[in-house]
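If you count the sequence shown from 1, you need to add 16 to reach our numbering.
For the record, the hints were derived by calculation from the structure and aren't laboratory data.
Fair warning: this is a prediction, and the values are worked out from it, not measured in the lab.
Careful: at least some of the hints might be erroneous.
Taking lysine-lysine pairs in the BS3-like style, the calculated list, with each CA pair at most 27 Å apart, reads [unchecked claim]:
| id | residue 1 | residue 2 |
| --- | --- | --- |
| 1 | Lys66 | Lys193 |
| 2 | Lys925 | Lys914 |
| 3 | Lys66 | Lys213 |
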Amino acid sequence: MTSRGSGVGLVDRQSERLALDDLLAGARDGRSGVLVLRGEAGIGKTELLKYLLGSATGCRTVSAVGVQSEMELSYAGLHQLCAPLLSGLDNLPEPQRDALRTAFGLHGGAAPDRFLVGLATLSLLSDAGGREPLICVIDDAQWLDRVSAQTLEFVARRLLAESVVLAVGVREPTTDKMFTGLPELTVTGLIEDDSRKLLASVVTGPLDLRVRDRIIAETRGNPLALLELPHMLTALDPVGHLGRLSAGPVANRLEQDFLRRVQALPAQTQRLLCLAAAEPVGDATLLRRAAERLGIAVDAAVADAEASGLITLGAWARFRHPLVRSAAYRAAGPDDLREVHRALADMTDVGLDPDRRAWHLARATVGPDEAVAAELERSAERAQARGGVAAAAAFLDRSAQLTPDLTRRGARALAAAHAKYQAGAFDAARELAGAAELSPLDDLGAARSTLLRGRIMSASNSAGAGLPLLLEAARRLEPLDAGLARETYRDAIYAALTAGRLPHGEGILDVAQAILATPTPAEPTRDDLLLDGQALLTTEGYAAGTPMLLQALAAFRADGISPKEGLGWLPLACRLAHSTWDFESWSVLSARLVDLARETGALSVLPSALLLRLSNRVFAGDLAGAGSLVAEATAIGEATGSSFFAHYSALVVEPWKGREATTRQAIDAVTQDLLLRGEGKVETATQWAAAVLYNGLGRYAEAYAAALRGCGNPQELGLSLQSTVELIEASVRLGRPGDAAAAVDRISDMAHAAGTEWALGTAAGVRALVSEGPVADALYREAIERLGAAGVRMDLARNHLLYGEWLRRENRRADARAQLGMAHDMLSHIGAGAFAERARRELQATGARVRRPSAATQASLTPQEEQIARLVRDGLTNPEIGAQLFISPHTVEWHLRKVFSKLGITSRKEIRTIRLAGEAASAWA
Numbered sequence: 017m018t019s020r021g022s023g024v025g026l027v028d029r030q031s032e033r034l035a036l037d038d039l040l041a042g043a044r045d046g047r048s049g050v051l052v053l054r055g056e057a058g059i060g061k062t063e064l065l066k067y068l069l070g071s072a073t074g075c076r077t078v079s080a081v082g083v084q085s086e087m088e089l090s091y092a093g094l095h096q097l098c099a100p101l102l103s104g105l106d107n108l109p110e111p112q113r114d115a116l117r118t119a120f121g122l123h124g125g126a127a128p129d130r131f132l133v134g135l136a137t138l139s140l141l142s143d144a145g146g147r148e149p150l151i152c153v154i155d156d157a158q159w160l161d162r163v164s165a166q167t168l169e170f171v172a173r174r175l176l177a178e179s180v181v182l183a184v185g186v187r188e189p190t191t192d193k194m195f196t197g198l199p200e201l202t203v204t205g206l207i208e209d210d211s212r213k214l215l216a217s218v219v220t221g222p223l224d225l226r227v228r229d230r231i232i233a234e235t236r237g238n239p240l241a242l243l244e245l246p247h248m249l250t251a252l253d254p255v256g257h258l259g260r261l262s263a264g265p266v267a268n269r270l271e272q273d274f275l276r277r278v279q280a281l282p283a284q285t286q287r288l289l290c291l292a293a294a295e296p297v298g299d300a301t302l303l304r305r306a307a308e309r310l311g312i313a314v315d316a317a318v319a320d321a322e323a324s325g326l327i328t329l330g331a332w333a334r335f336r337h338p339l340v341r342s343a344a345y346r347a348a349g350p351d352d353l354r355e356v357h358r359a360l361a362d363m364t365d366v367g368l369d370p371d372r373r374a375w376h377l378a379r380a381t382v383g384p385d386e387a388v389a390a391e392l393e394r395s396a397e398r399a400q401a402r403g404g405v406a407a408a409a410a411f412l413d414r415s416a417q418l419t420p421d422l423t424r425r426g427a428r429a430l431a432a433a434h435a436k437y438q439a440g441a442f443d444a445a446r447e448l449a450g451a452a453e454l455s456p457l458d459d460l461g462a463a464r465s466t467l468l469r470g471r472i473m474s475a476s477n478s479a480g481a482g483l484p485l486l487l488e489a490a491r492r493l494e495p496l497d498a499g500l501a502r503e504t505y506r507d508a509i510y511a512a513l514t515a516g517r518l519p520h521g522e523g524i525l526d527v528a529q530a531i532l533a534t535p536t537p538a539e540p541t542r543d544d545l546l547l548d549g550q551a552l553l554t555t556e557g558y559a560a561g562t563p564m565l566l567q568a569l570a571a572f573r574a575d576g577i578s579p580k581e582g583l584g585w586l587p588l589a590c591r592l593a594h595s596t597w598d599f600e601s602w603s604v605l606s607a608r609l610v611d612l613a614r615e616t617g618a619l620s621v622l623p624s625a626l627l628l629r630l631s632n633r634v635f636a637g638d639l640a641g642a643g644s645l646v647a648e649a650t651a652i653g654e655a656t657g658s659s660f661f662a663h664y665s666a667l668v669v670e671p672w673k674g675r676e677a678t679t680r681q682a683i684d685a686v687t688q689d690l691l692l693r694g695e696g697k698v699e700t701a702t703q704w705a706a707a708v709l710y711n712g713l714g715r716y717a718e719a720y721a722a723a724l725r726g727c728g729n730p731q732e733l734g735l736s737l738q739s740t741v742e743l744i745e746a747s748v749r750l751g752r753p754g755d756a757a758a759a760v761d762r763i764s765d766m767a768h769a770a771g772t773e774w775a776l777g778t779a780a781g782v783r784a785l786v787s788e789g790p791v792a793d794a795l796y797r798e799a800i801e802r803l804g805a806a807g808v809r810m811d812l813a814r815n816h817l818l819y820g821e822w823l824r825r826e827n828r829r830a831d832a833r834a835q836l837g838m839a840h841d842m843l844s845h846i847g848a849g850a851f852a853e854r855a856r857r858e859l860q861a862t863g864a865r866v867r868r869p870s871a872a873t874q875a876s877l878t879p880q881e882e883q884i885a886r887l888v889r890d891g892l893t894n895p896e897i898g899a900q901l902f903i904s905p906h907t908v909e910w911h912l913r914k915v916f917s918k919l920g921i922t923s924r925k926e927i928r929t930i931r932l933a934g935e936a937a938s939a940w941a
């Protein structure tokens, strides 16, 4: 029996080829498509991807292959895919262009946010697909470096109308789940008839039918096994080898046989194959120079290697299959491997590729070596500058292992832990932080380690879980780094406000007391005033801390702020502006925070910034604008795989619309989030939402019960204060004003301390609810005047409603009609459906004729179409809209065509004449 070459291509695979043909047809028709091919090694994924590339006539094709030894080199896989397209960089918006150039090391700059790199990649592919369909193929994606895989997953989830196909081959099983939740094609073994055909194509001469059937059974239709097995059989013992193959997965058996074939080669040929396996790029020139450095007779070794059929060596070295690469590397002993990596390091140009050289040096080094450790540390710095935190962590981890000095080893391990934390590898970060603490860290290093563990706990568990460690770290940092200590106290107090009531352990009072125990600077900054003001408010009462907080907020509002300071301090400033009833500061600072997060690509901050801003927009009476921000938060969640901020954003907006089902859905989504379990803030926020919903629906008993729970922890401020306002309204409507007396007094005391129009207007409104006669009338008028001056249109509209309801009960029908008409108009315009319906019913009771609002013209628009229409009306271009919503300009254009069709318009200018959600016209007369 003999065998012949195996260049036979695909055998059948009709259903798989049809799926790939559909992708190509869609791309040629202007649609994008994604397909993840999963299967074991040798099952045919690579051949199917080759079929896709070969069938892509009239299309542009780009491809990349994951290489196991490049998994620690940041953006290596993405650069490989995008390199042919880089001439299109100049067509990208400047922030995206700079992010991609920095990620690929084309120029220096601040480390780009990885999602900004993802958006830039999406734009680059979309731009290329705009000229001709673009087919992108990634094989062996399980070996992509982490950040490349994350970026391509981001892109895959955002493709829609760009004429771009993304086909990805992933070997199963994999230790890390990747490209999940995307369209998949599981590639399985060939059917028996096709297996016979494939086997017959590579075997000549007689083959016993029993042997043939056993081969087919043992290989389970795996094409690579069917092609390679004839090389392993001998005429004298055609079944003996099958006996050795019968156990274990097919891929493992194949690798073992490749290993035997490698080991059967001459020693120098084995060493050449090992060099090729250790050199990920496949540069034949570098490979030859390294082989000569090892004293290998290169020409003879190359001839033997190619004759084996395991590798081809032209301008580039290409293994027959990744399993051959793995087998060639495993065939070498530890000493041989170190010599191979040393030769590759010596021959790698330190100027052109310092990071790969450093990695080879690390593999060639056994014991501690400060020179190599320092090289790895410099590689980590370069990776960090490109935004490759996962690669930086790997370099630093190995650097720490090779560091001879124990103190320096601990510092490098701590730096590696921090990089792992930034990459989202929280378990590895904890392990490295623990390793760092086994070294003799100095006091600052130990404090930083505690801070890191606190941040890890906050990110991986919850704000409440990380709070004790943050507080401990801040205390330890005080005498060592005052600036970092203040920033850590800031993070601790933000965590305490976020966590709310905690069942045990440190809370906001502990943080406040620690802050006040620190020395106050002679000339406190606005940061100091913000921290100390919150601490005073917590420990000594609202009146003690509010003036200092208002002073700090005025300074933040008046003065410029750097991106670093703004992203660090403005989230807390916005929350405290809400808590001190400073609506102007809340409006200005939340807008500034969102702008900073967008401009700098800080997607770690942008979701919380959007939440702070949309909460402000709700109270401003701009539910449509708030809904647009919810859609943006949802888009980020879809891109990043996190739904928390989308759910929480919906919790803030939905109750005002008066839709019980969607509000309950938002409440349940937040309540059931495992990471928030046990944190009091969830109780406050969800009960406030229920109280707003039921007050709007006129179900006051349910509103009262929810509001009572929502204001159960007054130190949370924010929505706890708003729950108190809801409680007062529900109490009065239930005929129990006495239950509201203490709450009214509390709001009045706060208003006196704050002195803002929002606070004083709110206080006047709640006092009016529990007053009678001319006193109530004057208080309602004061509330309306002050809330109007503050710009809090939601509260203003509700006070028009409350005043109108009171006037109707006082039998002042004409006056009531005026107030209720204003309330109905405002609430309808805002989109506060249940409250508007309350106003409509009250208007009817006064004898007014109320028109039913006409069906909104945008009723058929999807939320994303509606958002795009709004952004067009605001004057944004397609690239600007795409950047904000994390979609490509082509997808924006696709949505916009649907908007035009549904609204019956033909130009962007006409959108300005169309009423969108929450823009109802007056409905009473």
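Hint check:
For the given pair, Lys66 sits about 24 Å from Lys193 by alpha-carbon distance, which is consistent with the 27 Å threshold. For a cut-off of 27 Å, the pair hint linking Lys925 to Lys914 stands: about 16 Å separates their Cα positions. Note on Lys66 and Lys213: the hinted pairing holds, with a Cα-Cα distance of about 20 Å set against a maximum of 27 Å.
Every hint from the earlier list agrees with this structure, and none is contradicted.
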